[in-house]
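All chains should be built: construct the whole structure from the sequences, respecting the hints.
The opening residue of the sequence shown carries number 2 in the numbering used here; numbering runs sequentially from there.
I should point out that these hints are in silico values taken from the structure, not numbers from a laboratory.
A couple of the hints might just be wrong.
Subject to a maximum C-alpha distance of 27 Å in a straight line, what follows is the list of computed BS3-like cross-link-like pairs (lysine-lysine) [said to hold, decoys possible]:
| hint | residue 1 | residue 2 |
| --- | --- | --- |
| 1 | 331 | 349 |
| 2 | 331 | 170 |
| 3 | 182 | 331 |
| 4 | 290 | 331 |
| 5 | 170 | 182 |
| 6 | 290 | 349 |
| 7 | 82 | 349 |
| 8 | 331 | 156 |
| 9 | 156 | 170 |
| 10 | 290 | 275 |
| 11 | 182 | 156 |
Distance windows between CB atoms, simulated [stated by the list, open to error]:
| hint | residue 1 | residue 2 | range |
| --- | --- | --- | --- |
| 12 | 279 | 98 | 40 to 48 Å |
| 13 | 134 | 275 | 48 to 56 Å |
| 14 | 83 | 222 | 29 to 37 Å |
| 15 | 356 | 31 | 53 to 61 Å |
| 16 | 350 | 101 | 26 to 34 Å |
| 17 | 118 | 31 | 15 to 23 Å |
| 18 | 320 | 82 | 36 to 44 Å |
Keep in mind that this is a model prediction, so the values were computed, not measured.
Heads up, the beta-carbon is just placed ideally off N, CA and C, and yes, glycines get one too.
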Amino acid sequence: MAAVIFALSLGITACGGAEGAGTEAGTETAGFRMITDGSGREVEIPETVERAVCVGVGALRYSCYMEAADRIVGVEDYETKPGMDRLYQYVNFERFQELPVIGANGEPYAEEIIAADPQVIVLSAYASVDPEELSRQTGIPVVEVPGSDTTLDDKAYETIRILGELYGKEDRAEELTDYLKGIEADLSARTETIPPEERPSVYIGGVSFQGAHGFEGTEAHYGPFELIGANNLADTVGQEGAFDVDPEQVLVWDPDLIFLDYNGMELIRENVSKNPEFYSALTAVQEGKVYSQISFRSYASNLETALADAYYAAWVMFPEEFSDVDYEEKTGEIFEMLLGSDPYEDLKEAGYEFRSIQIGE
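In structure tokens, the structure reads:
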């Protein structure tokens, strides 16, 4: 209780310094402007936003896509730990590891946010935090963004638009939107005329959800497959999202192609050693048609990895339509556009590479 009272008292003090933080629409003050956030709230923010913190899934990721990583003055604890599963964090790690921790997994720390002294809090709608209450606690305007837990949808584009306005980077928002819509159009144009009977049946295994899963971990409407109209067998059982399928069902399906998420490889390897007969009975294994996918879901969906996954999967599934695509070159292009650099060689050195897989390796 004492900590809450302290945070609230600091928030009241901060309100005096954060002019306009609680100003209603229509009463914009000098040096401030109004922005409509993802939940339709009118929020008064400084004319120029140079200092921000991000709370919840996607808020920091999309800020990095918007080339605003240098404006972040505090991060959630997850972002201060080294790793390669979130490339926006990997390419900005030297900066992020030195920043104060202002929350964890969508839970904001009001006192730490106040101490970091941001002008604006960017809050993901996935955080289950009341933006008005957080603004009252800190005295700092809170702008909510939709975020996205898939590949490309309206929420992703709306998040880009709002952050473009917030950071004064409208040109970047337009550039990024045009590029991503171009990706969608390219993938669609190359695949939309392929008759259903000419699309190979595919299975994705090793998909992580609430922890690592082995071969049985799959996903209906798997994002990269959705973008290319893949014949994903997991779509046929009435499930939504990631789930465990009975391995015997995969044997019944006997997919033409199998893709494996690197996150599940250790568990798959263990199971292959225990039950090699099961895997050797699969036609795709017999014919050497097992391929990799680099996990794109860590703290929700990482667009750059998901789009690279889509191009590689399409290159495997539809070789004629994608014969002119160098998937490594395309991966580099996507990474450069969204991240400002290309860490694909670093991924390869760490063992995460687009390639065929010998199951059980």
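So, going through the hints one by one against the coordinates:
Between residue 331 and residue 349, the direct Cα distance comes to roughly 15 Å. Compliance with the 27 Å bound is thereby established for this hinted pair. Under the criterion of a C-alpha separation no larger than 27 Å, the hint pairing residue 331 with residue 170 is consistent with the structure, at around 25 Å. Between residue 182 and residue 331 the alpha-carbon distance is near 15 Å, which keeps this suggested pair within the 27 Å criterion. Restraint check for residue 290 and residue 331: satisfied, since their Cα atoms lie roughly 22 Å apart, inside the 27 Å limit.
Under the criterion of a C-alpha separation no larger than 27 Å, the hint pairing residue 170 with residue 182 is consistent with the structure, at around 18 Å. For the given pair, residue 290 sits about 20 Å from residue 349 by alpha-carbon distance, which is consistent with the 27 Å threshold. For the hint linking residue 82 to residue 349, the alpha-carbon distance of about 20 Å falls within 27 Å, and the restraint holds. Using a Cα cut-off of 27 Å, the hinted pair residue 331 and residue 156 holds, with the two alpha carbons roughly 24 Å apart.
About 18 Å separates the Cα atoms of residue 156 and residue 170, which keeps this hinted pair within 27 Å; it holds. With a C-alpha separation of about 21 Å, the suggested pairing of residue 290 with residue 275 holds against the 27 Å cut-off. For the hint pairing residue 182 with residue 156, the CA-to-CA distance comes to about 13 Å; that is within 27 Å, so the pair holds. Residue 279 and residue 98 have their C-beta atoms about 43 Å apart, which keeps the hinted 40 to 48 Å range intact.
Separated by about 51 Å at the C-beta atoms, residue 134 and residue 275 satisfy the suggested range of 48 to 56 Å. Taking 29 to 37 Å as the suggested C-beta distance range, the pair residue 83 and residue 222 conforms, at roughly 32 Å. Between residue 356 and residue 31 the beta carbon distance is about 58 Å. The supplied range of 53 to 61 Å therefore holds. One distance hint, 26 to 34 Å for the beta-carbon pair residue 350 and residue 101, holds here, with the actual separation near 31 Å.
About 21 Å separates the C-beta atoms of residue 118 and residue 31, a value consistent with the hinted range of 15 to 23 Å. Restraint check, residue 320 to residue 82: a C-beta distance of roughly 39 Å satisfies the suggested window 36 to 44 Å.
Every hint from the earlier list agrees with this structure, and none is contradicted.
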